[in-house]
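Protein chains in written order, with numbering that gives the first Met the number 0: chain A, 0 to 318; chain B, 0 to 305.
Honestly, the hints are just simulated from the structure, not real lab data.
Please note that a few of the clues may not be correct.
Negatives, chain A to chain B, calculated, CB over 12 Å [what the hints assert, rightly or not]:
{"no.": "1", "residue": "73"}
{"no.": "2", "residue": "82"}
{"no.": "3", "residue": "83"}
{"no.": "4", "residue": "152"}
{"no.": "5", "residue": "251"}
Just so you have them, the derived chain A footprint on chain B, three or more residues with Cβ under 8 Å [stated by the list, open to error]:
{"no.": "6", "segment": "28–34"}
{"no.": "7", "segment": "44–57"}
{"no.": "8", "segment": "106–120"}
{"no.": "9", "segment": "123–131"}
{"no.": "10", "segment": "158–170"}
{"no.": "11", "segment": "225–234"}
{"no.": "12", "segment": "284–290"}
If you want a taste of the chain B side facing chain A, the calculated C-beta under 10 Å gives, among others [unchecked claim]:
{"no.": "13", "residue": "73"}
{"no.": "14", "residue": "137"}
{"no.": "15", "residue": "138"}
{"no.": "16", "residue": "140"}
{"no.": "17", "residue": "206"}
{"no.": "18", "residue": "256"}
Using N, Cα and C, we set each Cβ at its ideal position, and we do this for glycine too.
The lines below spell out each chain.
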Amino acid sequence: MANADATLAGSPARASTRTITPRRGSKAGERRRGRVGWLFIAPFAIVFIVFLIAPLAYAFYLSLYTKGLATGGVPVFSGLDNYIQAFTDPVFLGGVLFVAHFALVLIPVQMVISLAVALVLDAIVTRFTRFARLMIFLPYAVPAVIGALMWGFLYSPSFGPLTQLFGANAPFPLSPDNIFYGLMNVVTWQWAGYYMIIIYAALRGIDPTLYEAARIDGANAWQVAWRIKVPMVSSALVLILVFALIGTLQFFTEPAILTQVSNGSITLGFTPNIYAFNQAFQYSNVNYASALSFSLGIVVFIAVYIFLFATRKRGGFLR
Amino acid sequence: MTTARITLASTTRPKTARGRRRQSDGSRVLPYIFLGILIVYFLIPIWWLFVASTKDVTGLFQGTSGALWFDKNFALGSNLADLFTYNDGIYLRWLGNSVFYSLTAGVGATILSVLAGYGFAKFRFFGRRFFFAVLLGSVMVPLTALVIPDFILLSDLNLTDTIWAVILPSLLNPFGVYLMQVYIKDAVPEELLEAARIDGAGEFRTFIQVAFPLMRPAFVTVLLLSIVGTWNNYFLPLAMLQNTQLYPITVGIGLWEGQASANNGGGHSLWGLIIVGALVSIIPLIIAFLSLQKYWQGGLSIGAVK
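Looking at chain A on its own, in the form it has when it is part of the complex:
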């Protein structure tokens, strides 16, 4: 809202400074200013290089080596062997397939819920809807570890209400047949409110005179919602889709916490991240774990990039 105003006010201002600058600033001055720009970026750039570029480069380097019994525990260069192993490893591929399937089902459900709630909250403002907005957002303030634990308790036959409701043949949402939906419920509960708030904030930023104009033209509330509101917040929708996609593909915390109480439904290779973690810390297979982490990073990067490219007209990211 303030942003839109600022954009309007900002563009003529920028145009006018551009006419001033050449008169005032010499080339040397420009260059000096450029160096100052670098000074502002430097602290972040250092952290970026040390904790993003360097680890990725080092992990890639390690992933090209293999440490085996045959070599007496000394790592030997093996080229892309670890990657060939990863992409033919049924456990890793199973994990990738699971998170891809999970993302495909979960994200549309989450989006529909959060969009519907945001539209309702935007259309009706009363004390009750304000209260509802806060309560639906509340799970965002709960760490994923605690959220998963709470649902684990609610699912559990000894702590939860399911046995009370259904008796001895109560469903167990973490059994191998149900775990997909059991986890989907946990993640939806955790994140739908956050996505709702982002869409809601974008809806608040729409100029309300647009609705008046549409109403004068005879549009009803549904048409206003579908034809004006949803298209106007499409970049917010793209943004949360990207968040949801990145978050789901690197799924770790919830299944890791629920492993203990799932009676074996969650295996060592349930998601790619859990598999990489177990390779690194259970089997001390650092080289293979590096290859898995690196593969996961690349796969997610490419998936998100393709998605953003396909929606580039709507999103603000790649323009």
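Mind docking chain B on chain A? Use the hints.
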């Protein structure tokens, strides 16, 4: 603003629309039912946690009033006392660690984001476009894919199992830089900076005194997101830390959960501690969010309105 919008709409509605009005009464109730159901759904786990925290061990396992209602014996006080004294008060230590990690990493990451966002938004220099593209690309790299590489790197530097192993990687927040850049580009007018420069203010003074006050909404949002991100983080500290004294609350409760499920029968009292510990751990952030509403609600739309 919306209230104004709605009153306007209802007063300008034609008088003949009586039938329509009844219909809209019906469609007024539906949204309330919808929201009511959702409130119940989103609050049930927290309600369960609160109720379970007030039960003693017998109430928890053999209680007769059900999972979603209080037992005869209200034991919240003694549960809290147990929680804070168990294992020499390790719980409070974990809580303190979480506060420390999230404040230092959150403030640090926010300062880095503000500086870099300002640099990208307000200066023209060689390589700017390229590095901004790299930055946007890095937003798409899943941060957990960096945990194991970070661990390997830091263990070669003998820095794992220290507070730095948790704080330093958490300083990286490319999305925060992106948000700040988007916001600063529009919220800080060039002519204001130009005027300060002509008045002879140095670049850094211009930044602190002229530009920074205009960035406050985005600053608070990025700060809150960074603090919550570190507070909620599980994977990074789980991989980095061995010493239980350094655990944040998330890893600590995860540890208890593992111990409680490992000795199935004997873990009874530990389950009680986990439940009341989980309740206490979510209170600080819930209070922070409820009391800071007006700051974060507007800020979350940055990056989504363009």
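So which of the earlier hints does this model not fit?
-> When the structure is compared with the hints, numbers 4, 5, 13 turn out to be violated.
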